[in-house]
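2 protein chains.
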Amino acid sequence: MEELRLIAAIRGMNTPRRRDPGLVAGIGDDCAIVRMRAGEDLLLTADLVIEDVHFRRRTHTAADVGWKALARGLSDIAAMGGEARYALVSLALPEWAGGRYVRGLYEGLNELGGRHGVAVIGGDVSRSAKLTLDVVVAGAAPRGQALRRKGAKAGDVIYVSGALGHAAVSGYRERPEPRLGLGRKLRGRASACMDLSDGLAMDLHRLCVESKVTAELDGVLPAAPGATLEQALSGGEDYELLCTVPAGVKAPAGFTRVGVMKAGRPGEVRFAGMKLGAGGWDPFR
Amino acid sequence: MEELRLIAAIRGMNTPRRRDPGLVAGIGDDCAIVRMRAGEDLLLTADLVIEDVHFRRRTHTAADVGWKALARGLSDIAAMGGEARYALVSLALPEWAGGRYVRGLYEGLNELGGRHGVAVIGGDVSRSAKLTLDVVVAGAAPRGQALRRKGAKAGDVIYVSGALGHAAVSGYRERPEPRLGLGRKLRGRASACMDLSDGLAMDLHRLCVESKVTAELDGVLPAAPGATLEQALSGGEDYELLCTVPAGVKAPAGFTRVGVMKAGRPGEVRFAGMKLGAGGWDPFR
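From first to last, the protein sequence lines are chains R and L.
Read in order, the letters of the first sequence are residues 2 to 286 in the working numbering.
Read in order, the letters of the second sequence are residues 2 to 286 in the working numbering.
Which copy is meant is left open, so a pair is good if it fits within one copy or across any two.
Listed next, the in silico EDC-like pairs over lysine to aspartate or glutamate satisfying Cα-Cα at most 20 angstroms (straight line):
#, residue 1, residue 2
1, K154, D219
2, K131, D53
3, K131, E96
4, K251, D219
5, K151, E217
6, K276, E231
7, K154, E217
No lab work stands behind these hints, which were simulated from the structure alone.
Work out the full structure, taking the sequences as your base and the hints as a guide.
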């Protein structure tokens with residue numbers, strides 16, 4: 002398919018169904034034009050999904066890939082307590098990925114996007130040996146209220162949503178559900194938050210680095226049925242939320258306590274009295 | 002290099018040098034947080050740059066690649082008459098691209114970004130067989146004043162900035178200069194605008210499709226010294242601006258008349274009395 006026809010086809014697959022006063026221009030111009038509401042901060046996040054790094058053709062349909070590519074960004078918006086609005090999709094296609102495959106990608110992507118009010122408003126297309134997607138999600142949070150990784154204090158209680166290691170147990174074949182509703186419930190309650198994309202050990206390490214605290218995990222974790230301890234601690238792609246809540250503040254329903262923050266070496270994570278390595282999924286290892 | 006170290010290094014290469022009240026959070030959280038000014042529209046654009054599609058290692062240094070990857074998005078912002086502010090850089094690295102190469106990429110990227118006040122505030126990193134960059138640029142234009150591809154009317158005069166085919170003459174080795182200053186001068190004057198990334202024939206065709214008009218090119222074009230007619234009409238990557246200005250309105254300095262819009266078949270481009278095919282650079286051919 003040549004570029005003009007491909008872009009026209011993608012534009013057809015992404016025509017917004019409802020009138021959105023915030024969207025001045027979507028696909029079809031040099032830039033998309035968005036009008037933010039007063040009193041909002043803009044949230045921006047980018048996530049790559051690459052064949053044989055993040056998925057395999059054997060185990061993931063085109064729609065699974067599209068879903069996953071958007072889910073990663075939506076989960077980042079959830080982690081900030083934000084509302085997701087728009088996506089830009091950059092797509093590098095191998096020879097084998099024809100019109101039907103591209104349609105499948107956008108079907109999966111828009112199935113998830115439709116649930117959260119997210120429309121594709123731009124992107125780019127090109128050629129590549131391996132299928133590569135980069136999805137940028139633009140969202141919003143009330144001014145100054147976005148949740149950050151920094152902000153956790155000694156004494157704050159650590160919580161996670163859902164069950165740890167469920168993606169690993171499924172062999173990473175599940176379609177992840179970004180926790181946008183849970184994230185928004187944390188606004189004004191959580192002192193810090195991030196999403197669990199690379200496993201509790203690595204992500205909690207990152208949160209502790211930004212907040213300059215040490216985490217002491219409880220002995221018991223809300224592991225997914227069938228998950229090994231390693232999967233619960235270091236399984237990637239759960240896309241659950243990890244947050245800290247000041248002692249005395251009630252966490253919203255849907256969160257389970259996993260530990261407490263202490264003063265100590267910034268970034269250190271301790272489990273059952275032992276220091277954990279920042280193990281987790283890492284494409285560079 | 003493992004992911005945590007790589008991200009820390011990239012963060013170090015992209016620490017903003019001056020305090021920016023619009024940037025609430027850059028690299029290091031789940032999302033970047035940006036505060037737009039009142040009365041502004043947000044502009045968003047994404048551009049892929051892929052090894053052996055958009056550049057070759059033999060002819061482009063790491064800094065050339067970084068420059069080019071940002072230049073494509075800045076040129077899109079220029080085409081809307083906007084001001085560029087921030088970039089998100091998603092980077093998929095082959096084994097051969099180590100820390101020194103990555104540093105070179107960001108040096109080139111930030112050399113160009115520094116000239117236009119653009120800071121890298123986020124992105125993603127992963128592995129890939131071929132070096133792949135996706136750069137998203139966020140910019141702004143006064144509310145309702147961004148230039149569009151639609152809007153050209155029959156009778157409007159067609160202009161381009163600079164010389165056509167200069168990138169083709171250089172063998173695509175030049176560092177493109179996005180025309181942000183020229184784009185802003187078109188606000189309130191041009192009826193339509195876009196940037197020339199794929200050659201005059203293809204891009205003018207696109208503008209005519211969006212504006213539902215036919216273009217009649219003059220017999221003489223401002224071709225770059227040494228450019229063939231084919232290079233002037235279909236050479237890609239000039240990153241000059243193509244615009245239309247109502248008859249009687251003066252185009253800013255730096256623009257040369259190349260033709261006039263007519264009522265007719267939407268999308269048609271005529272040159273020397275003949276219909277031009279929408280030839281131009283296309284990664285899918």
